[in-house]
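Visitor: Sequences and hints are given; from them, build the entire structure.
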Amino acid sequence: MTLLPDTQALGAEPAPGAATDASGTPLAEPVAPAPKKKLGLGAWLASGWLGLLVGASILAPILPLKDPDASSTGTPLLAPFSGDLLLGADGSSRDMLSRLVWGSRTSLLIALSAIVIAFLIGGLLGLFAGFYRNWIGKVLAGFFDILLAIPALVLILSLVAVLKGDPTKDQGLPGEMIVIIAIGLVSIPLVARIARGQTLAWAQREFVLAARAQGASSRRILFREILPNVLPAMAYIALLGIGIAIVAESAAALFGASVEPPQSTLGNMIETGRGDMQEASFVMFFPIIVIFLTVMSLNFLGDVVRDRFDVRESAL
Amino acid sequence: MTDPAVTDPPASADDLPADLTQDHDLDLPTVAPGEVLLEVDDLHTTFSSPRGPVRAVRGISFELRRGRTLGIVGESGSGKSVLSRSIMGLMPTNATRTGSVRFAGNEILNASAKEMRGYWGDQMAMVFQDPMTALNPVLRVEKQITESLHEHIDMTKKQASDTALTLLESVGIPEPKRRLRMYPHEMSGGMRQRIMIAIALACGPKMLFADEPTTALDVTIQAQILDLLQAMQRDRQMAMILVTHDLGVVAGRAHDIAVMYAGRVVEQAPAQKLFANVRHPYTEALLRSIPKLEMAKHTKLDAIGGRPPDLTNLPEGCKFAPRCPYAQDRCLVDDPELTPDPDDPTHLYACHFPVSGVGVAVSAPPTASGVASARSEREVKA
Chain H
49 MTLLPDTQAL GAEPAPGAAT DASGTPLAEP VAPAPKKKLG LGAWLASGWL GLLVGASILA
109 PILPLKDPDA SSTGTPLLAP FSGDLLLGAD GSSRDMLSRL VWGSRTSLLI ALSAIVIAFL
169 IGGLLGLFAG FYRNWIGKVL AGFFDILLAI PALVLILSLV AVLKGDPTKD QGLPGEMIVI
229 IAIGLVSIPL VARIARGQTL AWAQREFVLA ARAQGASSRR ILFREILPNV LPAMAYIALL
289 GIGIAIVAES AAALFGASVE PPQSTLGNMI ETGRGDMQEA SFVMFFPIIV IFLTVMSLNF
349 LGDVVRDRFD VRESAL
Chain B
3 MTDPAVTDPP ASADDLPADL TQDHDLDLPT VAPGEVLLEV DDLHTTFSSP RGPVRAVRGI
63 SFELRRGRTL GIVGESGSGK SVLSRSIMGL MPTNATRTGS VRFAGNEILN ASAKEMRGYW
123 GDQMAMVFQD PMTALNPVLR VEKQITESLH EHIDMTKKQA SDTALTLLES VGIPEPKRRL
183 RMYPHEMSGG MRQRIMIAIA LACGPKMLFA DEPTTALDVT IQAQILDLLQ AMQRDRQMAM
243 ILVTHDLGVV AGRAHDIAVM YAGRVVEQAP AQKLFANVRH PYTEALLRSI PKLEMAKHTK
303 LDAIGGRPPD LTNLPEGCKF APRCPYAQDR CLVDDPELTP DPDDPTHLYA CHFPVSGVGV
363 AVSAPPTASG VASARSEREV KA
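Those protein sequence lines, which keep their order, are chains H and B.
All residue numbers for the first sequence refer to the working numbering, where the first residue is 49 and numbers rise by one.
All residue numbers for the second sequence refer to the working numbering, where the first residue is 3 and numbers rise by one.
Taking beta-carbon pairs under 7 angstroms as the criterion, some of the chain H residues facing chain B (in silico): (1) E254; (2) F255; (3) A258; (4) A261; (5) Q262; (6) G263; (7) A264; (8) E273; (9) P276; (10) N277.
Keep in mind the hints are simulated off the structure, nothing from the lab.
Since we're looking at a predicted model, the values are computed, not measured.
Idealized CB from N, CA, C, for every residue including glycine.
Guide: And the structure:
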């Protein structure tokens, strides 16, 4: 995946603020601040859904929800809207709504933490790899390529297996932490490669040379001149990355490599619902719908972020 | 066109905080105005490329005194921009330099990047060609100016911010307070070039490289920026190298002019002497290719036929010979050295068969004492 700025698309849409500057003549004329672009309906819907999901996840302990891990009703696979449970019950008679909220909480926590790890380590390594064109950069870039050659799912599953250790003994790390580390580590080379590409592109700009000609140190150039330019693109990648990490958790769950049941995650819910697909497909589809809406919303907001920041770049 | 830099005299160096004019990181001998600041001796710069070595600068020597401006003129690919970057040491990794560059008596050609950081910004600074790309798009103007102040001079935030404000005033930017909070994309090209100049001057360098500072600007803005550079150079008694492809830009603004071709100086003289008595056919051709007002309508411009030579595969003999109307057999085998004119040792040229008789009247270059303003000279461009 390359993320070089799409110059053609940028050139087609000049920034509103730049129009007065182009002629260069009205030197003393005050430049009007660029009007704020209005958010579209889609962006509102996306942020609304994410707000609901994040809000519910944070408030899960104080919301009037039933115990997600214990049976709440006598009827397994209770259909939604039919009993006192809004979204029905799964095969073990557990409240689907409660499990969805608590599952989203765990899944979001895993995805967010994994992305934070990936960006802190991968982003930094990518910055160095793109900036230092000597052996440091080459070794790092080669390292990312090697890691990328290994299928991500295989790597996640083996990492989880290694971190879990002997199942007969008491495990050292909490289940969430294991999944976070596994997904985070696997994402590092992906993030690093994108950060490296961005850094490479920005490091060749003339303002970097200009900063050097003013006596700026390499560290200063990297973190004060280049990093602020790389960040908008990385924010976009981070939003997409959270979506991908949620999906990765579900994939790991299908192989039993996510958090140990009965604790619910979106992936675990799909996995348990899989067995009851014939009789009660909703058990599997509710978590899938949550994942679908969440990933869609994240992608949509990512595009909004990208468009927003590209304006500033295209004005140059 | 109202512009404070033209109507009001720009703020002089006296307005700046006192410690700006002192040396900071380095312990260099003081070079008084008029003394030699920069000595370049037999400088060669070669880039390695897949097609073989590119010899961009091939043996250039000159010295530059503090308070003087050297104009370096040449067409694209003549090595003029590489020359100024070679002197500063701002080279990509595939470049090798040989020869000698002495700044205030110190040899800096083989200095490490770490050592050079003490010079960059503090002792020597560069104004780049394109202010659109040479400013960081996501940093406010204030930050870009104060960055090098923090790097070289121990300043508080408030001091640095005040200095930035003074600098913006001195480069003729209206409403400097508001501009400090702006991003580069909120300003016009001329404004951005003024910001570039303010950044370059922030730490009070003694040597300023202006690398085609007006090429990317509107014609209407060009003269303002050149006037500003000239005023700054005079006020601060800097040595300045003004690189351009336009003889009209250096006429009346540079004290000395060096004409470059294929990585070498082919003619070098004090500006007036050069314009009064052009000796090298290439300089003559450059002068002829400038349109003049008194020419009849629809006069065909004299373009220089052919193209500059391939720097990876230079011809034998005089490098200009293939395009030279006066070339003879000897020119194709024997490369002439840069030698002083027998009648005038300050006028150097590299030609076996120098031309004579082409002269253009150009008024005297500005001197530190002379009040004769550069503005009146603009009308007498070559």
